[in-house]
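**Q** All chains, please: the whole structure from these sequences, using the hints.
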Amino acid sequence: MINRRSVLVAGLAAPFAAKGFAQAPSRSETLILVQEYGPNSLDMQGIGSSQPVNGVALNCYDRLIRFKPTPLPGGNGNAYNMTDLEPELAESWQMAADGMSITFKLREAKFHSGRPVTAKDVKWSFDRAVSIGGFAKTQMNAGSFEKPEQFVAVDDRTFRIDFLRKDKLSLPNLAVTIPFVIDSELAIKNGGDDPWAKEWLKNNIAGSGAFKVESWKPGSETVYVRNDAWTCGKLPTLRKIIARDIPSPSTRRALLERGDADISYGLPPKDFKDLAEAGKVKVVGVPVPNALWYLALNAATGPFTDVRVRQAVAWAMPYEKIMQASLFGRGVAMWGGPPKPNTAWPQPFPYVTDAAKAKALVDQAVPGGFKTTLIFDSGAATIAEPMAVLIKEALGSIGIDVELSKIPGANFRGELNKKIHPMAINRFGGWLDFPDYYFFWNFHGNNSIFNISSYQNPAMDKLIDGARFAKDAADYQSQVEAFVAMAAHDVPVIPIAQPLHDVAMQKTIGGYQFWPCREPDFRYLTKA
Amino acid sequence: MLAQIGKRFLTVIPSLIGVIIVTFLLTRVLPGDTASYFAGPAATPQAIAEIRTKLGLDKPLPVQFADYVAALVKGDLGQSLTTGQAVTKDIAARLPASAELTLAGLFLAMSIALPLGVMAAVRQGSWIDHLCRIIATAGVSLPVFFTGLLLVYVFYFILGWTPAPLGRLDVFYSEPARVTGFLLIDSLIAGEFETFRAAFAQLILPAVTLAIFSLAPITRMTRASMLAVLGADFVRTARASGLDSSTIIGTYAFRNAMLPVVTTLGMVFSFLLGANVLVEKVFAWPGIGSYAVEALIASDYAPIQGFVLTMAILYVLLNLMIDILYGVIDPRVRLEG
Numbered sequence: 195m196i197n198r199r200s201v202l203v204a205g206l207a208a209p210f211a212a213k214g215f216a217q218a219p220s221r222s223e224t225l226i227l228v229q230e231y232g233p234n235s236l237d238m239q240g241i242g243s244s245q246p247v248n249g250v251a252l253n254c255y256d257r258l259i260r261f262k263p264t265p266l267p268g269g270n271g272n273a274y275n276m277t278d279l280e281p282e283l284a285e286s287w288q289m290a291a292d293g294m295s296i297t298f299k300l301r302e303a304k305f306h307s308g309r310p311v312t313a314k315d316v317k318w319s320f321d322r323a324v325s326i327g328g329f330a331k332t333q334m335n336a337g338s339f340e341k342p343e344q345f346v347a348v349d350d351r352t353f354r355i356d357f358l359r360k361d362k363l364s365l366p367n368l369a370v371t372i373p374f375v376i377d378s379e380l381a382i383k384n385g386g387d388d389p390w391a392k393e394w395l396k397n398n399i400a401g402s403g404a405f406k407v408e409s410w411k412p413g414s415e416t417v418y419v420r421n422d423a424w425t426c427g428k429l430p431t432l433r434k435i436i437a438r439d440i441p442s443p444s445t446r447r448a449l450l451e452r453g454d455a456d457i458s459y460g461l462p463p464k465d466f467k468d469l470a471e472a473g474k475v476k477v478v479g480v481p482v483p484n485a486l487w488y489l490a491l492n493a494a495t496g497p498f499t500d501v502r503v504r505q506a507v508a509w510a511m512p513y514e515k516i517m518q519a520s521l522f523g524r525g526v527a528m529w530g531g532p533p534k535p536n537t538a539w540p541q542p543f544p545y546v547t548d549a550a551k552a553k554a555l556v557d558q559a560v561p562g563g564f565k566t567t568l569i570f571d572s573g574a575a576t577i578a579e580p581m582a583v584l585i586k587e588a589l590g591s592i593g594i595d596v597e598l599s600k601i602p603g604a605n606f607r608g609e610l611n612k613k614i615h616p617m618a619i620n621r622f623g624g625w626l627d628f629p630d631y632y633f634f635w636n637f638h639g640n641n642s643i644f645n646i647s648s649y650q651n652p653a654m655d656k657l658i659d660g661a662r663f664a665k666d667a668a669d670y671q672s673q674v675e676a677f678v679a680m681a682a683h684d685v686p687v688i689p690i691a692q693p694l695h696d697v698a699m700q701k702t703i704g705g706y707q708f709w710p711c712r713e714p715d716f717r718y719l720t721k722a
Numbered sequence: 029m030l031a032q033i034g035k036r037f038l039t040v041i042p043s044l045i046g047v048i049i050v051t052f053l054l055t056r057v058l059p060g061d062t063a064s065y066f067a068g069p070a071a072t073p074q075a076i077a078e079i080r081t082k083l084g085l086d087k088p089l090p091v092q093f094a095d096y097v098a099a100l101v102k103g104d105l106g107q108s109l110t111t112g113q114a115v116t117k118d119i120a121a122r123l124p125a126s127a128e129l130t131l132a133g134l135f136l137a138m139s140i141a142l143p144l145g146v147m148a149a150v151r152q153g154s155w156i157d158h159l160c161r162i163i164a165t166a167g168v169s170l171p172v173f174f175t176g177l178l179l180v181y182v183f184y185f186i187l188g189w190t191p192a193p194l195g196r197l198d199v200f201y202s203e204p205a206r207v208t209g210f211l212l213i214d215s216l217i218a219g220e221f222e223t224f225r226a227a228f229a230q231l232i233l234p235a236v237t238l239a240i241f242s243l244a245p246i247t248r249m250t251r252a253s254m255l256a257v258l259g260a261d262f263v264r265t266a267r268a269s270g271l272d273s274s275t276i277i278g279t280y281a282f283r284n285a286m287l288p289v290v291t292t293l294g295m296v297f298s299f300l301l302g303a304n305v306l307v308e309k310v311f312a313w314p315g316i317g318s319y320a321v322e323a324l325i326a327s328d329y330a331p332i333q334g335f336v337l338t339m340a341i342l343y344v345l346l347n348l349m350i351d352i353l354y355g356v357i358d359p360r361v362r363l364e365g
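Those protein sequences? They're chains A and B, same order as listed.
Quick note on numbering: the first sequence equals residues 195 to 722 in the working numbering.
Quick note on numbering: the second sequence equals residues 29 to 365 in the working numbering.
If you are wondering where the hints come from, they were derived from the structure by calculation, not from laboratory data.
Quick reminder that beta carbons are idealized off the backbone N, C-alpha and C, glycines included.
Take the hints with a grain of salt, since some may be wrong.
Cut-off 20 angstroms, straight-line C-alpha distance, at most; resulting in silico cross-link-like pairs (SDA-like, lysine to any residue) [said to hold, decoys possible]:
#1 Lys474/A with Gly188/B
#2 Lys411/A with Ala121/B
#3 Lys117/B with Trp394/A
#4 Lys392/A with Gln107/B
#5 Lys600/A with Leu58/B
#6 Lys396/A with Gln107/B
#7 Lys701/A with Phe185/B
#8 Lys82/B with Gly608/A
#9 Lys82/B with Ile326/A
#10 Lys612/A with Gln74/B
#11 Lys392/A with Gly106/B
#12 Lys612/A with Leu85/B
#13 Lys665/A with Ser364/A
#14 Lys411/A with Leu123/B
#15 Lys102/B with Ala120/B
#16 Lys515/A with Ala574/A
Chain A is faced by these chain B residues, among others (derived, beta-carbon under 8 angstroms) [unchecked claim]:
#17 Asp61
#18 Pro73
#19 Glu78
#20 Phe185
#21 Leu194
#22 Val199
#23 Lys309
#24 Ser318
#25 Tyr319
Just so you have them, the derived chain A footprint on chain B, three or more residues with Cβ under 8 angstroms [what the hints assert, rightly or not]:
#26 111-118
#27 172-183
**A** Right, dumping it as structure tokens:
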């Protein structure tokens, strides 16, 4: 640990220090991050891990492969592309001729414990991810990784995955935060009776990643230090990261503006807008791939089973007002699109605010209008509440009387799962950025819990399945365009905006890297 | 005396049992589904069911209660899902933070409120009485998050006099070896005066925020009870006997006026300890109030139960202490009754 005195002493002594003598990290090698809340575990595969645990997995563990950083427009950092992958723990990989297996060659890397990383560790970690249950299992299954038998340690440095089916999501799914590689010997030794060492790994890191956790005080602070022996990429320039949990957004903003914090995750859109306009700090907003704020209309029960009523709501929505008053412009508009869709997702639907058209459709379907309810999550109320109020006001003018119901965060998902509510405001984002992946979870007849509108249509299912396992690019394109057009016509959900993931930082901070998990990657960040 | 305290403890046991049962039932009727909250947005129904089984929430209520009591007897308050740690560990880490802040705030409030209340009572209707009324009204009507944010804005953001509201210690200091959990005391024990200074600087703004809020009840109570005592026969007798006014006010009146004030202090203390959530949020103070609220939002049962139980025990101890203090202030008061 360091304090001001030791920093000072180290600074004074620096010119005289012998070469190779390890010094305490200086202020310019130390990053101070403020965030709303920190990790509740150090094990992202464990059940019930919160969103910031992704950051721990990202920085303290390695995966076989990672997405290749691709520059953001505007030059404020990097994002990624689902199909561009680069080596991390794997040195190279080879797809089998029949496309039914893939073999990875591991590089010479060491865990923090000093043990070399072997294929046995990779197998143990992947076995764990598909067996442990909860989110890890769901995410692994999304890439068609379902059984431990699929993972084979051929020799110490060679690892093979046998596919159950040809799935284009398999390879990208190895680069998300879940399939990270754990020091299996260390974990088993400390795990006691539990073969997956859940309790121990929750509180300890057994990885090979670029950073180690120096101290972790749940609910207040996480301190990371660099692993100088990291070989899976360019050695990070930051040597120490202090991540403080600061619940109040006003305090986070004050800390950033005063220069006492280097980077802030999670501020309300209004604060980001103000910070961006004031120009004192750098604000990077990345449209979250495959994510949407939307209004879901229940297509299975209640007044919105009639497609004309759903279209009426889509014509009545006060899109522009919502963008200004609820999102403060921190989003990408999802209305007023061309009549013929393309393969991008999300893309604007061809609706605009047209009260006359909306009124005509309602009068046709339900003369005299009707009463209904709209639910939203109180945890997202800064955005969802103004949105709901504006929707209520707009629908009132076409004869739909909406009653608003704010549901506490712990209960919201449960209420959605009942699938009985006529209208809901929700946000969905899929890690794997493919339109068919989004549609599979949201609009497929299997009626997953993300299909908030309980929309079921065999023709839609056929298109989604067709695109997911398409033979060639042309086939894929026609299927995607067809299902987007179908969704735009049937409007089970009305897209409002693609959210921006906003991060505010000092102008001296560079190397911002955006990942599907949206957590900070300290390996790339720099401080001038 | 000891026998009396022992007897007093016996009467406490039924209330504690009641608290255990009621908090258990209350947390179970909360309108939230812990399992689906912690399964996260990407959970399948199977994943939610797995979490429910893991947490034992699929068992019937009486069985869950029996499990809870059995663990409680062993001193195990369960696991928090929001922090991922044992509740006993969390509370042990966070209670001193809240206690240090609350004591500092209360001490500050007392040092202003007691003299102010006494003076307002002695010079009833004077400017000082009006000042007292204004301070009390303002203090109680300004919400703490507002005073907190205002103080941060003025003294940190604009003037830069106080350190960044980053919690109990600036990021570049490390915590002293833990003895009491009170940073001010621990840093002195460790002889780290620099750390003491840093911890003290962090404490100033949140303590002032709390003090402003608690000024009102203490000043008003001191004033009211002083007024009552000053009008009493024995004070008139003392005056008639020609004692000078400092002796009358200091020795006779104030001591007799202390009883209700001490009660108020106890109430304010226990209220502040658990209820200064907003101050803790604004100053990122890792205290027990924000811990309980986070748990409540997530329908995380174990920390809520642990929090209520800890608070109940604290109340009991505090009341006992106040009762003992009564005996010291006024020998006529007995513990039994």
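**Q** State for each hint whether it applies.
**A** Against the structure, the hints:
1. Lys474/A with Gly188/B: Holds, at roughly 17 angstroms.
2. Lys411/A with Ala121/B: holds (9 angstroms)
3. Lys117/B with Trp394/A: Roughly 16 angstroms between the alpha carbons, so the hint for Lys117/B and Trp394/A holds.
4. Lys392/A with Gln107/B: holds (14 angstroms)
5. Lys600/A with Leu58/B: holds (15 angstroms)
6. Lys396/A with Gln107/B: Roughly 12 angstroms separates the two Cα atoms, so the pair holds.
7. Lys701/A with Phe185/B: holds (19 angstroms)
8. Lys82/B with Gly608/A: It holds: about 18 angstroms lies between the C-alpha atoms, which stays within 20 angstroms.
9. Lys82/B with Ile326/A: holds (12 angstroms)
10. Lys612/A with Gln74/B: Holds, at roughly 15 angstroms.
11. Lys392/A with Gly106/B: holds (16 angstroms)
12. Lys612/A with Leu85/B: Satisfied, since the Cα-Cα distance of roughly 19 angstroms is no more than 20 angstroms.
13. Lys665/A with Ser364/A: Roughly 16 angstroms between the alpha carbons, so the hint for Lys665/A and Ser364/A holds.
14. Lys411/A with Leu123/B: holds (14 angstroms)
15. Lys102/B with Ala120/B: holds (16 angstroms)
16. Lys515/A with Ala574/A: holds (18 angstroms)
17. Asp61: holds (4 angstroms)
18. Pro73: Hint on Pro73/B: holds, closest Cβ of chain A at ~6 angstroms, below 8 angstroms.
19. Glu78: holds (4 angstroms)
20. Phe185: Holds: closest Cβ of chain A sits about 5 angstroms from Phe185/B, inside 8 angstroms.
21. Leu194: Constraint on Leu194/B satisfied, holds at 6 angstroms.
22. Val199: holds (5 angstroms)
23. Lys309: Holds, because the Cβ-Cβ distance from Lys309/B to chain A comes to roughly 5 angstroms (cut-off 8 angstroms).
24. Ser318: holds (7 angstroms)
25. Tyr319: holds (7 angstroms)
26. 111-118: Satisfied; 4 residues make the cut.
27. 172-183: holds (count 3)
Violation of the numbered hints given earlier is absent; every hint is satisfied by the structure.
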